[in-house]
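> Could you put together the complete structure from these sequences and hints?
Residue numbers (the working numbering), protein chains in the order written: chain V, 576 to 1165; chain C, 576 to 1165.
Calculated directly from the structure, the hints in this document are not laboratory data. C-beta: ideal position from N, C-alpha, C; glycine also. Warning: the hint list may mix true and false statements.
Unchecked claim - Pairs of lysine-lysine, DSS-like flavour, derived with a Cα cap of 30 Å:
#1 C:864 / V:662
#2 C:1147 / V:662
#3 V:707 / C:747
#4 C:919 / C:1147
#5 C:1012 / V:995
#6 C:707 / V:851
To be verified - Partial pick of chain V residues on the chain C-facing surface, computed with a CB cut under 7 Å:
#7 646
#8 1012
#9 1028
#10 1035
What the hints assert, rightly or not - What follows is a set of in silico ranges between Cβ atoms, one per label pair, in the way DEER data are often shown:
#11 V:1097 / C:1082: 52 to 58 Å
#12 C:1137 / V:1163: 38 to 44 Å
#13 C:1064 / V:670: 17 to 23 Å
#14 V:758 / C:643: 25 to 31 Å
#15 V:758 / C:723: 44 to 50 Å
#16 C:918 / V:1097: 46 to 52 Å
Now for the letters of each chain:
There are 2 protein chains.
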Amino acid sequence: MTYQEKLSAIRAKMMAVGIDAYIIPSSDPHMSEYVPDRYKCIQFASGFTGSAGTLVITQKFAGLWADFRYFEQANQQLEGSGYELVKLKVQHTPEYIGWLDEQLPARSIVAFDYQLMSMVLGEEIKQALSVKQFAIQDLDLLTEIWENRPALPNDLATLLPEEDCGQDFKSKLVDLRLEMQKAKTDIHVISSLDDLAWLFNIRGNDVSYNPVVLCYALITADEVALYINDGKLSPDDLNLLAERGGTIKHYQNISADIQGLANCTILLDGKRTCYKFLTQLSSTVRIIKETNPVVFLKSIKNEIEIKNTRAAMVSDGIALTRFFKWLEENIGKIEITELSASQKVKEFRELGKTFAGISFASIAGYGPHAALPHYCPDEKSNLELLPKGLFLLDSGGHYFYGTTDITRTVPLGETTEEEKMDYTLVLSAMIFGSAAKFPKGTRGYQIDGICRQQLWQQGINYGHGTGHGVGYYLNVHEGPQNIGPSNAAVAVDPGMITSIEPGIYRPGRHGVRIENLVLTVPAETTYFGEFLQFETVTLAYIDTSIVVAEWLLPEQINWLNAYNQMVYERLKPGLSEDEALWLAGKCKAI
Amino acid sequence: MTYQEKLSAIRAKMMAVGIDAYIIPSSDPHMSEYVPDRYKCIQFASGFTGSAGTLVITQKFAGLWADFRYFEQANQQLEGSGYELVKLKVQHTPEYIGWLDEQLPARSIVAFDYQLMSMVLGEEIKQALSVKQFAIQDLDLLTEIWENRPALPNDLATLLPEEDCGQDFKSKLVDLRLEMQKAKTDIHVISSLDDLAWLFNIRGNDVSYNPVVLCYALITADEVALYINDGKLSPDDLNLLAERGGTIKHYQNISADIQGLANCTILLDGKRTCYKFLTQLSSTVRIIKETNPVVFLKSIKNEIEIKNTRAAMVSDGIALTRFFKWLEENIGKIEITELSASQKVKEFRELGKTFAGISFASIAGYGPHAALPHYCPDEKSNLELLPKGLFLLDSGGHYFYGTTDITRTVPLGETTEEEKMDYTLVLSAMIFGSAAKFPKGTRGYQIDGICRQQLWQQGINYGHGTGHGVGYYLNVHEGPQNIGPSNAAVAVDPGMITSIEPGIYRPGRHGVRIENLVLTVPAETTYFGEFLQFETVTLAYIDTSIVVAEWLLPEQINWLNAYNQMVYERLKPGLSEDEALWLAGKCKAI
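In structure tokens:
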């Protein structure tokens, strides 16, 4: 079936059931960033493979609402599909709602699969469309026309050894129930897979890059039910869970159990729960809409998590050192491309005994490709790396136990003055953030301002956040904290691991990004209160050969030298003599 | 009647009508910062004169919930009143709600005057107390026991010459209606007095410091009604308003008109509208809760407003110059106190032909008093200024036309190393903010981070925001923008006037704050977008005699010298030769 034929089939079904517009979101019922194949609905319908976007179909128009990251890709992939690209003005906003409101006559019916829309978004759509008395309707139009629609993944999931989690399931449950008490709720239903993975100390392989398992949980003051498909857990793990007080139910039963609730209070996270659940609740259930408390509990890493993450950083740093040594020694001698470099760094990571997979698709951009912050090379775009200019590599791994995310930009030969200046400014921004001291309670947006200030003074900026939280052998993008220009609900608290990754991108020429992960730690307590600072946990040398030293403050140069020295000392024991010697050269003070 | 007797009377009435708890807020029906005497309910009931706080009364307990700014004052003023001070943990939060929830049995009845509570707060109370099935009730308990309760002020109000407003009423109405269309509302009711003053180009004298007039407005697509008491406007002004399309109604009629609305959509600003209006609306009225569009329109000063504000700054700078010259020449020679200094600076301002009153009660703190950021001297606290240490003066004026707000900290003689260091750090923070360049769309919290960073590195912080918006011959505190650590709804846009006022406070020793007002202006447009910067509009020299130059960056010293040079040049034409000579000395480059 071509995309045109699928579109016709969708429109025919819309006619048959009397629907004026149909919305296909990019999410799954767990509101995941990466979704199982079964929920790659946009790809199925239109051919677009980007991870964020929304299809909206009427009888007259079919469009993909996507943001600037995907403009080029969407234009290519949508050709001949019958869908047009509608460029989002503001990232992450449902601008199609306004379009529907304008285009459709009053009393139209708009449908979507309530499972695939978040509570917040479902309510926003309902509210916005109520002005013109639109009705909304729950409808899965795709399953019928999707031949061999993939089933849910049936990979095995495993319980992690509790000693490697630093906190056992029972203790996590105690913490969660305390938060439920504070929120005055009887019941809490969790849908978000990383929160479930953390709570149950469970990991799996159901989606790409994120080691999560498809499941739900319903928690009360004295019961905890895990909804998971048969056969996902080994009999031993099932026994373990039962011993710890967990009840196992079938994955599909969550819906029926939600419908069965009555005369109670339920806590639901509007961004991390599907709209369907909201519509299934009895009117006798009082709903508290708050962030799932696990989001916050999970973000504060415990001592074991921190210790293991430090060890993962050593493995990762060794892999990166070997890769960059290999790259320097082979560039201009053998053919190296963006794709082969990505493959090579993966191979070096795989040499690590605790390696468990890459944590996201590597961004390996050479020359002008590095100016696309979210670029991932494919067979068509794949550039050869030449012994000149800058190469940007943003990559990461999962380890037993810990998750990494690191970006380095390195010169492959001669570089321009502009490349050196941009490299130095980005490094300066990263050091401003990394070396900041700040009062307890400070939110990421203030640190974001501190990072960007010197770039701004030069009339330079970057169009992405400065940093995001990172999970513990879990999602590489984890909330609730972030460092960026937007409003933030929480502070950057002690125990959080966050990235700092400023960049400068000059389309058609080059791009620079430098990224470390930092752990928030106490700094000092003065009369003015408790101050925090960052400890950088990423361990990989930062190239100094193209630093314009006079653009850095003396204390920034001290920071850089101390960092590289620490990298050398921490990685040396795991390197061969030859490798250590090479790294010593890279880490020499400037 | 003593406060104890009043409390007994309130409790007796509570018993009589079956109320378990009574809340007395500090606001008026317009949600004002400064309220007419009629609404000084907390002062009437308890004797506490602070401008923010909440009384909560049950049969067993009577308390004032107030924040740290008022701890000392409340302890003094509440003595013997029957009220206890309850210290707020977090400023501006209704922590008494949690207390009521804990203290009272289920199904209790909590009452307050619905006119004196904002919509947002009223709804929050209702929602929070619904868990224990509390009922809330609209009740004014005070009027009956308040002998000779002051009537509403009947001072005359005036329409400003439209040429001095830069935009006439009709044109403002066009802008507002456009915003109402965007918000898809039929009707908008405005209660906030500064928004009304801006919209109608009207000013008055109904509360201290803010030149506003008690009124309401109801705006539809083709009508605009001003609700104002008879006799507040001259017959000429009434005619003018009528010519411009305005309908005049009696102030009290707003309630009846709100109750009469049916089958329409109304826009109400939850923070700037009383809860009573919400409860008076028919169920056929659809309510849109959004910020009153005037809040934003008003914040972007037009060319005339900017031009006139610049002129006001010259008058204000001349007054400040004369005051500080007088202070320097007389300190140690005649008796000068905090109060007499406040009086003196007011007198110097009054010499200006366009002076229209002070814009807030001066904060004049000598020595340890300067360490209290919100200190206002009174007869009891009044300190004599001695020829040593630091004197902090935070004051401002209204002019025809423009409003000023300025803080200077000056040495009166010998100062300690710590005083010099703190002074220099505060100056550095102010210059970091004032000299910042930032992309369009930047919110105040990022600039806040940039201002504070150097203090934070030293383990120093201040417990107030860095800056607030300032009105045009209007309230000295004006939204929606601010520079501070909290989430912010809007950016610091071109045309906004905002204060930058960092500080360091060392209780028992000294305090430093330096404050200028800045106008947001375009800086440059680069490949990376549109950048903005600040133009400092305040014109008063910054003392350089206690600056520790090596603590400032070379570009900060350049900024300081250029600023003082500009101050000298702009003020000189209005000064006597003697005064100009003195100022030249103060403005000499370092």
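> Work down the list of hints and note, for each, if the structure agrees.
Status of the hints after comparison with the structure:
1. Straight-line distance between C-alpha atoms of residue 864 (chain C) and residue 662 (chain V) comes to about 29 Å, which keeps the hinted pair within the 30 Å bound.
2. Of the pairs offered as hints, the one joining residue 1147 (chain C) and residue 662 (chain V) is violated, with about 55 Å between alpha carbons and a cut-off of 30 Å exceeded.
3. Between the alpha carbons of residue 707 (chain V) and residue 747 (chain C) the distance comes to roughly 29 Å, so the proposed pair stays at or under 30 Å and holds.
4. With a CA separation close to 21 Å, the supplied pair residue 919 (chain C) and residue 1147 (chain C) stays within the 30 Å bound.
5. For the proposed pair residue 1012 (chain C) and residue 995 (chain V), the alpha carbon gap of about 22 Å is at most 30 Å, so the pair holds.
6. In summary, the hint linking residue 707 (chain C) to residue 851 (chain V) is supported, as the alpha carbons are separated by about 29 Å, within the 30 Å threshold.
7. Against a cut-off of 7 Å between C-beta atoms, the interface hint on residue 646 (chain V) is violated, since the closest Cβ of chain C lies about 17 Å away.
8. The beta carbon of residue 1012 (chain V) comes within 5 Å of a beta carbon in chain C, closer than 7 Å, and the hint placing it at the interface holds.
9. Proximity of residue 1028 (chain V) to chain C holds as hinted, the smallest CB-CB distance being about 5 Å (cut-off 7 Å).
10. Contact between residue 1035 (chain V) and chain C, as hinted, is supported at the beta carbon level, the nearest pair being about 5 Å apart and thus within 7 Å.
11. The beta-carbon spacing between residue 1097 (chain V) and residue 1082 (chain C), approximately 24 Å, falls outside the hinted interval of 52 to 58 Å.
12. Look at residue 1137 (chain C) against residue 1163 (chain V): about 41 Å separates their beta carbons, and that is inside 38 to 44 Å.
13. Separated by about 20 Å at the C-beta atoms, residue 1064 (chain C) and residue 670 (chain V) satisfy the suggested range of 17 to 23 Å.
14. Taking the beta carbon of each, residue 758 (chain V) and residue 643 (chain C) are about 27 Å apart, inside 25 to 31 Å as hinted.
15. Between residue 758 (chain V) and residue 723 (chain C), the C-beta spacing of about 48 Å keeps the proposed range 44 to 50 Å intact.
16. Taking the beta carbon of each, residue 918 (chain C) and residue 1097 (chain V) are about 48 Å apart, inside 46 to 52 Å as hinted.
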